[in-house]
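Colleague: One-letter residues, chain by chain:
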Amino acid sequence: NAGVMQNPRHLVRRRGQEARLRCSPMKGHSHVYWYRQLPEEGLKFMVYLQKENIIDESGMPKERFSAEFPKEGPSILRIQQVVRGDSAAYFCASSPGPHSANEQFFGPGTRLTVL
Amino acid sequence: AQRVTQPEKLLSVFKGAPVELKCNYSYSGSPELFWYVQYSRQRLQLLLRHISRESIKGFTADLNKGETSFHLKKPFAQEEDSAMYYCALRRAAGNKLTFGGGTRVLVKP
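The listed protein sequences correspond, in order, to chains G and E. Numbering of the first sequence is given in this note's numbering, commencing with residue 22 and proceeding in unit increments. Numbering of the second sequence is given in this note's numbering, commencing with residue 20 and proceeding in unit increments.
Everything labelled a hint here was simulated from the structure, so no lab data went into it. Check each hint, because a few of them may be wrong.
[Stated by the list, open to error] Below 25 Å or equal to it, Euclidean Cα-Cα: the simulated BS3-like pairs (lysine-lysine) are:
(1) E:92 <-> E:41
(2) G:92 <-> E:92
(3) E:92 <-> E:127
(4) G:65 <-> E:127
(5) E:84 <-> E:34
(6) G:72 <-> G:48
(7) E:84 <-> E:127
(8) E:28 <-> E:76
(9) G:65 <-> E:28
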């Protein structure tokens with residue numbers, strides 16, 4: 022099992038461009054979580070998705086950010102019109118189910134730099 | 020809302036010395052507490068969780084509900100313990116993890 026995959030690992034965008042971050046969960050996992058880590062800070066929850074459904078988006082900024090987890094393919098975190106403050110490491114995690122006994126397995130992260 | 024605090028950003032100890040990473044939390048309900056570790060150039064991985072009550076790589080952590088703490092301890096630090104450590108909380112029956120700011124541990128030879 023290759024584990025949670027994220028790509029790209031590094032992404033550079035200019036202000037105003039769009040950033041698309043991809044996350045492929047572990048095989049057999051249907052639950053995906055996105056976290057953001059700003060420099061010198063801990064990870065902060067953004068959104069929790071199951072296949073085709075957003076379950077909890079309480080950590081998502083109200084504007085410019087969106088997430089999806091289609092029936093086929095990876096989960097996508099999309100940031101429109103990026104600003105310098107969006108520069109951060111974005112981590113995806115997956116679990117086999119929602120139950121509290123399930124461990125979240127993390128991907129290597131995507132480091133977004135906005136110029 | 021829940022909150023996790025790791026007061027030390029950096030802990031530097033000599034090999035063989037004890038190490039204790041502090042973690043305090045605020046949450047009014049019954050939390051689940053975790054320690055995650057990130058070694059250099061590796062992804063974040065679960066080290067231990069309070070409900071397991073187990074020792075992993077010589078580390079232990081006890082949930083103290085009275086003091087709302089979940090400190091991580093190891094009696095004899097090894098150089099391979101050098102890493103970034105994150106304390107995290109999840110509400111019982113919840114999903115998202117709330118992380119502390121992290122503590123970097125450096126074990127010197």
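Colleague: Could you check the structure against the hints above and give me the numbers of any it violates, in ascending order?
Modeller: 2, 4, 5, 7
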